[in-house]
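**Student:** Here is what each chain is made of, one letter per residue.
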Amino acid sequence: MASADPVPHLRLESIMRSARASLVALVRRIVDPAEAEDVVQEAFVRLSDDPVLDRPDGEVTAWLRRTALNLAFNRARDVSRWRARAARAELPEPVDPAAEAVRSDEKAGVRAVLDQLPDKQRSCLLLRHAGYSFAEIAETIDIAPGSVGTTLARAERAFKNLYLESHADDARTDQENR
Amino acid sequence: MMMTMTCPDEGTLRAFLDRADADHATLAAHIRGCLDCRRAVRELRLNASVTADALGLLDPVAEPVAAVADGAYAPIDPPVRPRRWGRIATGAAAVALTVGLVLTPTGQAVAGGLLDLFHSRSVTGVTISNADASQVATVMEKLGVATGTPDTAFSTLGSVAEAQAKVSFPVATPRASDIPADVATTPTVDYLAASDMTVTFDAAKTAAYLAASGSSVTVPAGLDGEKLVLHFPDAVALDYAGSNDKRLMVVSAGAFQASTVGPLDLSQLRDFLLNVPGVPTSLTNQLGSVDLAAGALPLPIPIDQVRGTKTTLNGHSAILVSSSGIGSALLWQSGDRLTGVAGTYSTDVVTKVAKGLNG
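Residue numbers (this note's numbering), protein chains in the order written: chain G, 1 to 178; chain Y, 1001 to 1359.
Some hints could be false.
What the hints assert, rightly or not - When the alpha-carbon atoms are kept at most 25 Å apart in a straight line, the in silico SDA-like pairs for lysine to any residue are as follows:
{"hint": "1", "chain 1": "Y", "residue 1": "Lys1166", "chain 2": "Y", "residue 2": "Lys1246"}
{"hint": "2", "chain 1": "Y", "residue 1": "Lys1142", "chain 2": "G", "residue 2": "Leu162"}
{"hint": "3", "chain 1": "Y", "residue 1": "Lys1246", "chain 2": "Y", "residue 2": "Ala1176"}
{"hint": "4", "chain 1": "Y", "residue 1": "Lys1142", "chain 2": "G", "residue 2": "Ala158"}
{"hint": "5", "chain 1": "Y", "residue 1": "Lys1142", "chain 2": "G", "residue 2": "Ala168"}
By construction, these hints were calculated from the structure, which means they are not laboratory data.
Every value quoted in this text rests on a predicted model; they were computed, and no experiment measured them.
All chains, full assembly: derive it from the sequences and hints.
**Tutor:** Listed below in structure tokens is the structure:
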């Protein structure tokens, strides 16, 4: 764990180089690839003004993950609101091949369920699924390392129940439409 | 010691599942001896598995690998569109799961006992979606009570020799020259103890389920109290890890065995189970054509994300599975050993490792 670099902008650059790829991979689960780049860029911009930049590397990357996740979730909500408006106004949607459309639909379903979870549970799920360790998750969502298991267990139970419920609803709708 | 240990809280059990707990061996020993904890772990594992399936949909998608050529399994009932929550977790998890399908019937004992009603001598492929596998497990719960959980807690040993001393089958090891350059040359050696799971059938419960389903299937005489005992073999996994999630795993396991205690024999039980409503027809159709008498292990291939192809390896029938952008795995049985090679590599690399195995 390196200590703060005496020249802040050099430190920022070095953090950007080392953290960018993993941050983009993380937020790509929440937003589209192009937006993921934007979100990460915005997180870096915010970092440049934030006092956390004087803290050790581990704390800075945890802060970046937290910020990028929040930004991505906010943006995903904006996008889904926009789509809902577009659908109401019957604006043409970009044409996707059928399979991709189904996949987008499924992704949207998963994200909608994630959106119903409390912030910490949602971030905990995404981070764990992206392969972050319990210690990294604790640091990112700012809870005690010993609480990660409990948060994860609660998050998975809540997610499963909401997710299966949403599919039961879909199945009923399918049935009614037949 | 393990009798006096207080039951760990839910968070500790969840950490245990991911091997993020402080004292894995002690906890594993406690869980093995504690019914409440085993139940809790089963529920946590199911929650984790459904969540991982769903979140897998959000994984960044890599470029698809070329389709597996000849004889790719076509699902009996090709889905018009992908199942919504029938996808397996991607990334390293998929590779682990592919191997796990052989070793650790994924917590809910994928398909309960249905797929393992015999002593395996060879492998054959049965395509199954995760949703269907979960459904089978759900149906099994309506028919009786399962006790014992297949042990899924690997313990890490110091060397291959130490692992070899614990198991009766020869532990397969890859030729040094076949190990990809981007993973460690020395593996982590993990050992999984053999375990049993027993399903005790309950005639009243079964009758109630059949009636509720409007089924004309009748409860076979003698079903009440009949036990189906599934023996999950011990296994040794050599795990070669590298940077950027590169991974190669060579897994050796004993054979699956199943037996019954009660008036019904395995084939009678199987015939009944395949007719129980709720068991997906795509599965029963396929299982109906598997030669159980010859000891063919119907290996569930998760069709949602993995392609499976029948092939042969050093004269044994084998299953080659590959998954877009994730990796591939080869599984076969020779004698009483079930062997699997899986990795984040092409089928060529995995096949080369498999062909060159020692032991």
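**Student:** Decide, hint by hint, whether the structure agrees.
**Tutor:** Going through the hints against the structure:
Between Y:Lys1166 and Y:Lys1246, the direct Cα distance comes to roughly 28 Å. Violation of the 25 Å bound is thereby established for this hinted pair. Restraint check: the Cα-Cα separation between Y:Lys1142 and G:Leu162 comes to about 23 Å, which is no more than 25 Å; the hinted pair holds. Annotation: proposed proximity of Y:Lys1246 to Y:Ala1176 holds, straight-line Cα distance about 17 Å (limit 25 Å). For the suggested pair Y:Lys1142 and G:Ala158, the alpha carbons sit about 24 Å apart, so the restraint of at most 25 Å is met.
Among the hinted pairs, Y:Lys1142 with G:Ala168 is consistent with the structure: their alpha-carbon atoms are about 20 Å apart, no more than 25 Å.
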